[in-house]
Every structure is written in structure tokens, then in C-alpha cells.
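Please work from the sequences and hints to get the whole structure.
The listed protein sequences derive, respectively, from chains A and B. Under our numbering, the first sequence has 68 at position 68, and the numbering climbs by one with no breaks. Under our numbering, the second sequence has 11 at position 11, and the numbering climbs by one with no breaks.
Hints listed in this document are in silico derivations from the structure and should not be mistaken for laboratory results. Here the structure is a predicted model, which is why all the values come from computation and not from measurement. Cβ atoms here follow ideal geometry from the backbone N, Cα and C, with glycine treated the same way. Misleading hints may appear alongside valid ones.
Only some residues are given here: those of chain B computed to face chain A with a beta carbon under 7 Å [stated by the list, open to error]: (1) Arg105; (2) Gly106; (3) Val134.
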Amino acid sequence: MTTPNNFATTFAVDSATGTVQLAVVGEFDSSTVDAFETASGRVVDLEPTAVELDLAGADLIDSAAIGAIMRFRRALQPLPTTLKINAPLPFQQRLFEITGLSFILDTEATTGQPVGEGNQGGPRSSPES
Amino acid sequence: MGPGSGDSISIRLSNDTEMVAFARLVLRHTLEPLDDLQDPLFYGAFTEVVTNAIEEHRRLGIAHDVEVRVSLGGRPEIAVRDHGQGFDPNMGSDPQPEPQSESGRGLVIARSVVPGMRIESSPVGSMVFLPYPVRSEPAE
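Dropping the structure here:
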């Protein structure tokens with residue numbers, strides 16, 4: 001049976017800046033997390049200078065998806081990589097508020113600091129373990 | 001999809017999380033459309049509840065389908081039934097799970113975005129009831 005799954009990821013590399021943009025489109029839930037993790041794993045393998053995770057095209061996000069985003073963020077932490085998460089839709093902002101994770105949105109880390117604890121300062125004072 | 005009877009529709013889902021998207025599609029074609037904020041929040045909450053039920057069946061090796069029943073009389077309500085071992089109906093009441101946590105966010109989200117959500121749970125199964133938003137009532 002074919003399920004109505006419109007999920008897709010795309011990534012674009014800017015070789016001049018070393019930035020990788022990973023964009024998510026469609027319904028991002030437990031049934032599509034594996035596809036995201038495959039794509040995000042490729043991004044980590046590239047060891048880019050900067051990563052932008054664009055969720056603007058995600059029209060549904062569940063807790064499994066949020067867990068996958070947190071794992072992606074954690075995988076980047078040992079690298080000298082900045083991460084920016086773009087989640088502009090009101091429902092996305094609301095989800096990150098509910099889960100106490102608003103601090104990871106639209107923040108950038110600097111080299112040697114945990115991702116998301118750069119300029120704006122998250123609620124944590126130590127790296128995730 | 002099971003036979004509709006009177007004011008309700010029954011959807012039986014095999015124990016595969018890909019079926020959740022199918023259930024969402026059926027509900028979106030059956031119920032009044034929600035606005036751009038309500039839709040992803042409500043169907044996100046529905047996804048959390050159905051995924052939990054399917055994962056409970058898979059964890060326990062339960063062959064029964066998860067049932068989604070949509071009551072259409074008056075204000076619609078969606079009930080999700082599983083045959084698992086039950087859980088604490090107050091689970092997910094903590095509004096702020098640890099940021100590092102890999103799990104435990106699903107019911108927190110569902111409770112936060114679906115006012116009036118309620119849970120009946122016993123050692124032989126659980127029912128989670130999700131009142132469908134009315135257009136004048138923000139999901140949250």
C-alpha cells in the first residue's frame with residue numbers, strides 16, 4: 001500500500017563559504033525520520049564550516065522529528081561547525097516553545113563551543129553529553 | 001478503513017508508523033479543514049498519540065490493529081485505541097522535558113495543543129480522546 005508521504009530533503013553546498021543547507025519538506029514524523037537521518041548523516045560527514053537546517057517547508061513536525069534534530073545538532077557539536085535552524089512557521093515556533101527547545105532556533109555556535117550556545121546563550125551551561 | 005456507521009468512522013491501522021500518514025489523510029478528507037496554525041498542531045498531536053499506540057503494539061508483539069474512531073455527531077472527537085499494557089494517564093503533564101531527552105515530548109506536545117485531551121488506560125489497553133478544534137478556538 002502506498003502511503004501519502006510527501007517528505008523530502010534536499011541539500012545544497014556553497015563551496016565558497018563551506019556552508020551546507022539541508023532543507024526539509026513535507027510531513028516530518030517518525031515514519032520519515034530515517035530519511036532525515038540519512039541526509040543529515042551525509043551533512044555531518046562533509047564536516048562543513050556552517051550548516052543551515054531549513055524547516056520552512058515542513059508542514060508537520062512531531063516529537064520523533066524533534067529528537068532527530070537534537071541528534072543532528074549533537075553530531076555536529078564535536079566539529080568546528082556553526083548551526084542555524086530556520087523554523088519560521090508559527091506552529092514550529094510553538095512546538096519548540098512547548099518542548100523548551102526554543103533556544104536552539106536561529107542560533108549559531110562558534111568554533112569550540114557547543115552548537116546553539118553561542119551568541120544568544122542557551123539555558124545550559126555545559127555541552128550535551 | 002472500516003465501515004462507517006451512523007455518526008462515526010473507524011480506521012484500523014496495522015502496526016506500521018507509515019500508516020499514520022494514511023490516517024491523517026482520511027481525517028483531513030472527513031473533517032472540516034483547520035487553519036494554518038491549528039492543522040499542524042492538531043495533526044501533530046494526533047500523530048504523537050497514534051505513533052505511541054503503534055509502537056506499544058510493536059514493542060509487545062501485539063497483532064491487533066490500532067483503531068482510530070472518529071465521532072462525527074456534534075463536535076467531532078477522535079479516539080485512538082490500543083491493546084497495550086496501559087500507561088500513567090498523567091504522563092506528559094510535565095510541560096518542560098529535559099532538553100537532552102530523546103523521548104517524553106510526545107504527550108507533552110499533545111496535551112499542550114489539544115485542550116480537553118483525555119486518557120483512559122488499563123492493563124489491557126488505552127484510549128486517548130482528542131476533541132477536534134472548532135475554527136473559532138485556537139489549538140493553543
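Cross-check of the supplied hints:
| no. | hint | in the structure |
| --- | --- | --- |
| 1 | Arg105 | holds, 4 Å |
| 2 | Gly106 | holds, 4 Å |
| 3 | Val134 | violated, 18 Å |
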